[in-house]
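Those sequence lines, one after another, are chains A and B.
So the first sequence is residues 1 to 211, counted in our numbering.
So the second sequence is residues 212 to 422, counted in our numbering.
Think of the hints as simulated: they come from the structure by calculation, not from any bench.
We treat Cβ as the ideally placed atom computed from N, Cα and C, and that holds for glycine.
Please note: incorrect hints may appear among the correct ones.
[Said to hold, decoys possible] Per label pair, the in silico range of CB-to-CB distance:
| id | chain 1 | residue 1 | chain 2 | residue 2 | range |
| --- | --- | --- | --- | --- | --- |
| 1 | B | GLY378 | A | ALA88 | 44 to 50 Å |
| 2 | A | GLY39 | B | ARG416 | 33 to 39 Å |
| 3 | B | GLU340 | A | ASP125 | 53 to 59 Å |
| 4 | B | LYS355 | A | ASP125 | 41 to 47 Å |
| 5 | B | ALA302 | A | THR135 | 39 to 45 Å |
| 6 | B | ARG324 | A | GLU78 | 56 to 62 Å |
| 7 | A | THR81 | B | GLU269 | 32 to 38 Å |
| 8 | A | THR94 | B | GLU269 | 41 to 47 Å |
| 9 | B | ARG380 | A | PRO27 | 41 to 47 Å |
Here is how the chains run, residue by residue.
Protein chains: 2
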Amino acid sequence: MQIVIVLFDRFTALDAVGPYEMLSHIPGAETVFAAEHTGPVRNDSGSLALVADRTLDEVPRPDIVVVPGGPGQTAQMENETLLGWLRAADAASTWTTSVCTGSLLLAAAGLLRGRRATSHWLALDGLTEYGAEPTGERVVTDGKFITAAGVSSGIDMGLTLVGRVAGDRHAQAVQLGAEYDPQPPYDAGSPQKAPADLVAELRGRSRFILR
Amino acid sequence: MQIVIVLFDRFTALDAVGPYEMLSHIPGAETVFAAEHTGPVRNDSGSLALVADRTLDEVPRPDIVVVPGGPGQTAQMENETLLGWLRAADAASTWTTSVCTGSLLLAAAGLLRGRRATSHWLALDGLTEYGAEPTGERVVTDGKFITAAGVSSGIDMGLTLVGRVAGDRHAQAVQLGAEYDPQPPYDAGSPQKAPADLVAELRGRSRFILR
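Can you build the whole structure from these sequences, using the hints too?
Structural data, given as structure tokens:
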């Protein structure tokens, strides 16, 4: 089973590494970071580079596709090399997944038309422009598509998918191995839970541009 | 403010990227991934490389030190280049932190003697050999030392430290930006919560060797 995690300039690192740390423990999985070109790919802040070991051309038929998001997603929305790869990969994949604004790339590729899907809470509205039906859930499964909300939600998405592919017991073993027993010191992780003025402030200075 | 995240061969990626994704949002922070040598550093499974942009020698006085863990930690326990750097960096740091078995490296450097600390649940006992007092808490603060439990706990540690450095409101903004409202699909993230036979199984096949 091949899992391909797509990288592009100015992606958000945890979007990719969160699900990676879960999915890479699927028995027999070959996990590959891939981008248009091999070599280091810088994240949103520029202070971290992950290495793309393969080009997208070299991994045309993954079993599982993972598309992270991040501010760099906007520059990819009309990148036909990436969108074309997504369409072709999806035609062969068992599961096509995204984290954060990665769902906008799936949507721009035409893959989420008529599907329930999610994205970063600041980017949810963008899904409707491509015919997807946005929901506020953290992990949304619609057929073979699993989309996750913002950044950290990719961990929950990854663990959900491990359960679907390798069974509940194996997923629990992965959760225990990663000691995923979250205890955030604050309870401000969603626009429903955070102080209203903080939500408004983030909406105001959002780096997420939807087109 | 300079934050240095230490990389070494066969580290666990989420140990490093979890706290990074929180701490890098501290206003004015310069976040640097550093290792003995610059260039790609492969993780525990070998399928992901993060780039070390600086050598440890080039960043001798960070304000915040972050030491991840992973199976590769065992090979570093007598690496005087790394341990010596940790001692010198800690002498100047405001905060010295670890995730997972990274605390065993701090302990081996002699920094946790007489301190309360934590580590991956499979590695907790190893702390006592170095005079630290292990606790089962997820994030342990003792003076300037903050140690976190296994893998995913570095997110909670990072967010805790953002609050200490930049205030509660900023930490809540970081949590909201990362949509850190965890909803694991299982409740097996700690040895207290997971099925007992699964805990026993992981103890049996643990890759964590404490010396």
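(request) Starting from the hint list further up, note which numbers the structure goes against and sort them upward. (result) Number 5 - this is the single hint that the structure violates.
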